[in-house]
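If you're matching them up, the sequences are chains E and Z in order. Our numbering numbers the first residue of the first sequence as 1 and each following residue consecutively. Our numbering numbers the first residue of the second sequence as 1001 and each following residue consecutively.
Hints listed in this document are in silico derivations from the structure and should not be mistaken for laboratory results. One or more of the hints may lead you astray.
[What the hints assert, rightly or not] SDA-like mimics (lysine to any residue), calculated; alpha carbons at most 25 Å apart, straight line:
#1 Z/1196 with E/83
#2 Z/1315 with E/268
#3 E/271 with Z/1272
#4 Z/1284 with E/189
#5 Z/1272 with E/40
#6 Z/1366 with E/194
#7 Z/1427 with Z/1227
#8 Z/1196 with E/39
#9 E/260 with Z/1321
#10 E/271 with Z/1278
#11 Z/1366 with E/164
#12 E/193 with Z/1272
#13 E/193 with Z/1278
#14 Z/1272 with E/189
[As the list claims (entries may be wrong)] Label-pair restraints from in silico Cβ distances:
#15 Z/1314 with E/39: 42 to 50 Å
#16 E/268 with Z/1080: 24 to 32 Å
#17 Z/1435 with E/39: 42 to 50 Å
#18 Z/1314 with E/66: 55 to 63 Å
#19 E/278 with Z/1014: 56 to 64 Å
#20 Z/1012 with E/280: 53 to 61 Å
#21 Z/1478 with E/57: 49 to 57 Å
#22 Z/1426 with E/11: 28 to 36 Å
[Unchecked claim] Which chain Z residues face chain E? A few, computed with CB under 8 Å, are given here:
#23 1178
#24 1248
#25 1251
#26 1254
#27 1256
#28 1278
#29 1483
Glycine included, each C-beta is placed from N, C-alpha and C at the ideal position.
Now for the letters of each chain:
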Amino acid sequence: MYTILKKRKLSDVTNEMVLDAPHVARRARSGQFVIVRIDERSERIPLTIADYDRSAGTITILFQEVGKSTMQLGTLQEGDHLLTCAGPLGNPTRVDHYGTVVCVGGGVGVAPIFPIARDLKEAGNTIISIIGARTRQLLIWEDRMRTVSDELIVCTDDGSYGRKALVTEPLKEVLEQRHVDRVWAVGPAIMMKFVALTTKPHNVPTVVSLNPIMVDGTGMCGCCRVLIGGQVRFVCVEGPQFDAHEVDWENLLMRMQYYKDEERLAVEHWKEHRCRLEQAEQEAEKERHRHG
Amino acid sequence: MAELTPKERMQIPRQEMPAQDPLERRYNFNEVALGFDFETARREAERCLQCKNPTCMDGCPVGVLIPQFIRHLREGDMAGAVVAMKERNSLPAICGRVCPQEVQCEATCVLAKRGAPVAIGRLERFVGDYELARRTCPLVRAAPTGMRVAVVGSGPAGLTCAVELGRRGHQVTIFESLHAAGGVLIYGIPEFRLPKWIVHAEIDYAMECLGIEIRTDHVVGRTITLDELLADYDAVFLGTGAGLPTLLNVPGVNLNGVMSANEFLTRVNLMKAYLFPEYDTPIKVGRKVAVIGAGNVAMDAARCALRLQHMRAEKEGGEPGQVYIVYRRSRQEVPARAEEFHHAEEEGVIFEFLTNPVEILGDEQKRVRGLRCVRMQLGEPDASGRRRPVPIPGSEFDLDVDMVIIAVGTTPNPVVFLNTYGLERTKEGTVVADMTTLRTTKPRVWAGGDVVTGAATVVSAMGAGKVAAADMHRFLCGEFSESEWWPAQVEAPTAGA
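Take the sequences, apply the hints, and build the full model.
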């Protein structure tokens, strides 16, 4: 059992949680992830470790409510427990002194890019960060990103905050205007694909952190397999970070759609269940009033 | 019952295992084999000749005291039968269900020569279930030795090793990467063959008796390294199995609708996806499913797929569909346990023998639409002694399927070896170990089960757990030291299997 020590809502659908998980925190490094389960019926949910505190024995996770599992996770409060927290999984970021590094984070992808940018900054790199979201409300961790960046560019798709642009637009300008040694990008698969397309003509080595469907997360099932340079690779044990220019994006995007119908069904089932639960609670409340 | 003559005993027919009707059981995940009742068990036990020099035990990797437990059973002394059983096997309810008895104890039973050996496996299950329901024979722990042992992996090898060391008074901690203990017993073998409550109950009981702690969610290699374990514990046993699926090396392997049997079975067994959406993990099953391979894992995947198809048809109407097993050799070479093969045929799995896949075909949406195969014929015997299948030129044909499950084998998961040094492995990825002691090339580390041999059976892994435990015990008692790790001070063994 892993206790939720802190919970903060960053938007209607974005949640930040600090978990008591000393066994994960002691070896956690940027770029790695955990698998969590809420209760006996849960699936195994992979979430990037957005931050960790070794001395406190805690890790920070951040997630957007997009499906049944993350919606349920979002209902949990401080003091509640998770049944599973396995990790740290995957390979940590290869931190080195590269020179100038651009760190791109999109949506909740800003959370996993944060510890990567911090490590790269500590290793002496100049960090130019570009973070974006669909709209202002969904933009997260701007303040944190500022602390680890030499320069920070903020954009929103709808222009409600910062520059009205997709993250690839300022990225393109930076690449055209100065020398960049490396690019790191974390966000929705489609964003990472376009980051790869943007950096390719400039021949700038680009690392992305992939987020395919996983089951066990320990190399046992192969559900998360992707094609890297034509070779089958397991994201959970060989990744999650890969050379963006080697990724077969079409294959990844297609495989991520495989359970779309089931995901929709699970959300409907969950909403119905919540509805009934709330009704029952209201009934019980009325009952109490009648007797009180 | 009056004492029977050997002739009379041999006239008693081998007792059939009562089973769920094949047509009905396709609609549920309940156990297929229902188990003997007391009368049937005793009648079967009467068949045992109580040989002066019994050969049945030679066929058992853990050396179960077969004639003894059968004699007690025959006399109606269940307490005696349980004690005799548990002397050598701490997980009888599991072994009675999943051991391939026809190539082990029942193959070496003297009655096998006359065609019908004593149904030792069924009797073992009967005794195991009896004990599980009553819990009258707790495992006893010797006085604490103060020695600490880490066991990596809670599958058959790790559990057995832990139990054997626990009985000898050592303090054992098991590290398990998943959220539940049992390894392949939990994620691989389906409910209808080995109900999960039995696995949980057997493990909980043994761990409780011996004060063994299981730390789930600990991925050794990531959460904690082997070298860190060696700093904290006096000895380490690696029983991490063979969990990495081998995929086919054919075009189309990354299409939607192609998955490893490990994925399919993990979704169904560990995550209970057959109960989606009551349980969160989804599963899809095709209208026409091809399972590649004919081992136990292939049979399990095929029979799970068949059940999911029938449950869907029952819920939504329409035809259930078909499940094919595509196997490159012939019926005679099928490596699965005889009973599983038989059950799969009974349930309506279609077998395509002497057939090999060459390409998985996809539609515009990159979903499976067929499996291109080639027919095979058997040539000269290969290294395994089985006749090597060779393709028949020009015999290509397309099998109309919309899902492909790959069950052609597994190799050890390399994660456990991350950040560790001095542990030699073969090019197949198995750990190099001395086969008589199961010592690895790294002092104070033993290994056994599939991680050493490559994918094999539950009971052979249990046997390895026992062998390692015996040598570990000698080490922990100070009979030899780390500097005497290789007794003759010659070179380390070089073969893993």
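Hint status (Cβ of residue 1254 of chain Z to nearest Cβ of chain E, threshold 8 Å): Holds, because the Cβ-Cβ distance from residue 1254 of chain Z to chain E comes to roughly 5 Å (cut-off 8 Å).
Straight-line alpha-carbon gap residue 1272 of chain Z to residue 189 of chain E, limit 25 Å: violated (29 Å)
CB-CB spacing for residue 1080 of chain Z and residue 268 of chain E relative to the 24 to 32 Å hint: violated (57 Å)
Holds or violated: residue 1366 of chain Z to residue 164 of chain E, with C-alpha atoms at most 25 Å apart: violated (35 Å)
Chain E contact restraint for residue 1178 of chain Z - C-beta distance below 8 Å: holds (7 Å)
Supplied distance hint 42 to 50 Å, evaluated on CB atoms of residue 1435 of chain Z and residue 39 of chain E: holds (44 Å)
Holds or violated: residue 193 of chain E to residue 1272 of chain Z, with C-alpha atoms at most 25 Å apart: The given pair, whose Cα atoms are some 34 Å apart, is violated under the 25 Å limit.
Pair hint residue 271 of chain E and residue 1278 of chain Z, alpha-carbon separation not exceeding 25 Å: Cα-Cα ~13 Å, so holds.
Outcome for the supplied range 49 to 57 Å, where the beta carbon pair is residue 1478 of chain Z and residue 57 of chain E: Hint violated: Cβ distance 37 Å, outside 49 to 57 Å.
Interface hint for residue 1256 of chain Z, Cβ within 8 Å of any Cβ on chain E: holds (5 Å)
Hint consistency between residue 1366 of chain Z and residue 194 of chain E [alpha-carbon to alpha-carbon, up to 25 Å]: Holds, at roughly 21 Å.
Verdict for residue 1314 of chain Z, residue 66 of chain E (Cβ pair) under range 55 to 63 Å: Distance hint for residue 1314 of chain Z, residue 66 of chain E is violated at roughly 32 Å.
Of the numbered hints given earlier, the model fails hints 11, 12, 13, 14, 15, 16, 18, 21, 22, 24, 25 and 29; all others are met.
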